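Based on these hints, arrange chain B on the given structure of chain A.
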Amino acid sequence: MDKLKNMKKTTKNNIITYALVIAAFVIMQSLINAGSISSLLEGLMVPLCIYIIMAVSLNLVVGVLGELSLGHAGFMCVGAFASAFFSKCMRDTIESASLRFFLALLIGIAAAAIFGILIGIPVLRLKGDYLAIVTLAFGEIIKNLVNVLYIGKDSNGFHFSTKDVMALNMEPDGKVIINGPQGITGTPKDATFFIGFILILITLFIVLNLIHSRDGRAIMAIRDNRIAAESVGINITKYKLMAFTISAAMAGAAGVLYAHNLSTLTANTNNFGYNMSIMILVFVVLGGIGNIRGSIIAAVILTLLPEMLRGLSDYRMLIYAIVLIVMMLFNWAPKAIEWREKYLSFGKKKKEAVK
Amino acid sequence: MALLEVKNLGISFGGLRAVNGFDISIEKEALYGLIGPNGAGKTTVFNLLTGVYKPDSGKVLLDGTDITGKNTIEINKAGIARTFQNIRLFKQLSVLDNVKVGLHNKHHYSTLSGVLRLPGYRKVEKEMDEQAMELLKVFNLEDVAHVAASNLPYGQQRRLEIARAMATEPKLLLLDEPAAGMNPNETGELMDMIRFVREKFHMTILLIEHDMKLVSGICEKLTVLNFGEVLCEGKTSDVLNDPQVVTAYLGE
Chain A
1011 MDKLKNMKKT
1021 TKNNIITYAL
1031 VIAAFVIMQS
1041 LINAGSISSL
1051 LEGLMVPLCI
1061 YIIMAVSLNL
1071 VVGVLGELSL
1081 GHAGFMCVGA
1091 FASAFFSKCM
1101 RDTIESASLR
1111 FFLALLIGIA
1121 AAAIFGILIG
1131 IPVLRLKGDY
1141 LAIVTLAFGE
1151 IIKNLVNVLY
1161 IGKDSNGFHF
1171 STKDVMALNM
1181 EPDGKVIING
1191 PQGITGTPKD
1201 ATFFIGFILI
1211 LITLFIVLNL
1221 IHSRDGRAIM
1231 AIRDNRIAAE
1241 SVGINITKYK
1251 LMAFTISAAM
1261 AGAAGVLYAH
1271 NLSTLTANTN
1281 NFGYNMSIMI
1291 LVFVVLGGIG
1301 NIRGSIIAAV
1311 ILTLLPEMLR
1321 GLSDYRMLIY
1331 AIVLIVMMLF
1341 NWAPKAIEWR
1351 EKYLSFGKKK
1361 KEAVK
Chain B
5 MALLEVKNLG
15 ISFGGLRAVN
25 GFDISIEKEA
35 LYGLIGPNGA
45 GKTTVFNLLT
55 GVYKPDSGKV
65 LLDGTDITGK
75 NTIEINKAGI
85 ARTFQNIRLF
95 KQLSVLDNVK
105 VGLHNKHHYS
115 TLSGVLRLPG
125 YRKVEKEMDE
135 QAMELLKVFN
145 LEDVAHVAAS
155 NLPYGQQRRL
165 EIARAMATEP
175 KLLLLDEPAA
185 GMNPNETGEL
195 MDMIRFVREK
205 FHMTILLIEH
215 DMKLVSGICE
225 KLTVLNFGEV
235 LCEGKTSDVL
245 NDPQVVTAYL
255 GE
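Chains A and B are the protein sequences, given in the same order. Residue 1011 is where the first sequence starts when you use my numbering, and the numbers rise one by one after that. Residue 5 is where the second sequence starts when you use my numbering, and the numbers rise one by one after that.
For reference, chain A alone in the conformation it holds in the complex (with noise of 0.2 Å):
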């Protein structure tokens, strides 16, 4: 009977995270319709969508497996231009946009996961402050080579170059497809607010069915003691790659989406850089490490708090900060925890919704 009350609870935890985001997106969905919305509210619903995604993947590694990684904005720039680079050259060959567009997701997560395994064998030896200099410098040096890099596709085929569009020695038809700092233009749009809510659900539902099953407690047992986890026969490398690559992989899809939002992707600092990188951590941090639902909350107040302070113009950063300092102070403070207790936890639904 007991064990049947836990289950409920875990599942009934779940069930409120989803029904969150699914009344989320139908009210904004509907005010949209409704044309209530300023189009600029409506063009961040995308970016938004990838917040959640990257700020749910980066609290699987943080939060569950407990492994400080800076470097989560390079596997969403990894993803963005492996499915960029797809859309693009399929561009004419695939009518069907819905089709085309699934192909490059997959096609973003696959290179993303790659990426995600083989930057994770040798950095997931180190721990804490090493490991999260280490994912750094790795993310940057993504964003760096995909500054570097010139694809070309003529009626020889693909032709590639480090140096610049010279260098591709392509035919006269010669078509170039990433161009170094200008990266790629022309993506078709295919991203909607539709399909970021999808994605949405599908990072939720791994994450969360993740994290109750035998993988999820091993992972969670390393972060706990790794010691102990090895002493009774856990493989620590295994399950350690597993999040880390299963995160990397949602980082890619959620590059996809970024990608596809865009008609020019360039890889800068702003967003696939370590301010992005800096910036879902904060999402991850002031939502409750290990917290999902947490994670989306903190990602759309801090996404939408600067576009509904607009109008404050001066002031905005300022509130913004304090907005800041007060989510940690709630979030971690011991005296802000008891009152929360005290005062917020005879409505169960109150309780659920500050969490």
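25 Å max Cα-Cα, derived DSS-like pairs, lysine-lysine:
no. : chain 1 : residue 1 : chain 2 : residue 2
1   : B       : LYS110    : A       : LYS1248
2   : B       : LYS74     : A       : LYS1248
3   : B       : LYS127    : A       : LYS1019
4   : A       : LYS1345   : B       : LYS95
5   : B       : LYS95     : A       : LYS1019
6   : B       : LYS81     : A       : LYS1248
7   : A       : LYS1019   : B       : LYS141
8   : A       : LYS1022   : B       : LYS127
9   : B       : LYS58     : A       : LYS1248
10  : A       : LYS1163   : A       : LYS1173
11  : A       : LYS1022   : B       : LYS95
12  : A       : LYS1248   : B       : LYS95
13  : A       : LYS1137   : B       : LYS74
14  : B       : LYS130    : A       : LYS1019
15  : B       : LYS127    : A       : LYS1248
16  : A       : LYS1137   : A       : LYS1248
17  : A       : LYS1022   : B       : LYS130
18  : B       : LYS141    : B       : LYS204
19  : A       : LYS1137   : B       : LYS95
20  : B       : LYS58     : A       : LYS1137
Stretch-level coverage of chain A by chain B, calculated; a stretch enters the list once three of its residues show a Cβ under 8 Å from a Cβ in chain B:
no. : stretch
21  : 1214-1225
22  : 1231-1239
Not close to chain B: a few residues of chain A, all C-beta gaps over 10 Å, as computed:
no. : residue
23  : ILE1025
24  : VAL1031
25  : GLY1045
26  : ILE1047
27  : PRO1057
28  : GLY1138
29  : ASP1139
30  : ASN1154
31  : LEU1155
32  : GLY1167
33  : GLU1181
34  : PRO1198
35  : PHE1203
36  : LEU1319
37  : TYR1353
Hints in this document: simulated from the structure, not taken from any laboratory. Predicted model, so just to flag it, every value in this text is computed and none were measured. Glycine residues also receive a C-beta, built at the ideal position from the N, C-alpha and C atoms.
Relative to the frame of chain A, chain B by itself:
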């Protein structure tokens, strides 16, 4: 033939010979004690037996199989489980999940069926739940099955650590100072529990302990370590009255 047969085991850390020429032979279902002054190398012996350290010399045979130099995971699969001197639980996981992590290698389903909640997942998880609850019952922890491990009182944390080790279905259980930090009452309960575990699971147990009441109360045989070498071994009563042991460890 003995369950655990260790011959001439040794390891050096830099210039320090931490364990040297260590021999031990433990029969099936024996309750064996390893005692000695602080820094004698008792925990190092445990770490050598469980693959945390690789020995520079010697041989370890478990049930006739050579497990010398294997890693922790292989040794756990071969059948040695342990607890730690300073408790090492999975703090944020529930008591039940702690035991289920111990059952990890005994029950399998793929990652995919775990994520997609296929029938394999449900069936195996149910088996794991049942088996884990059974173990918790044995260790009198079933009432706190859903409490986070870090919220348990000290005595229960010790018991949970043993339950988790037992979940891996070992042939040999190593207990590193199980009574450390316990009051005489708790120690008494622990002694009963160790005896009970041995009888119920036909378990072979090797334990390190400083509490002489516990050692003389439950151990049939003892090995005394001093400066990394075996000082004396034999029946508990003989060893505890050995003049060498009295000078080196017990005091006059």
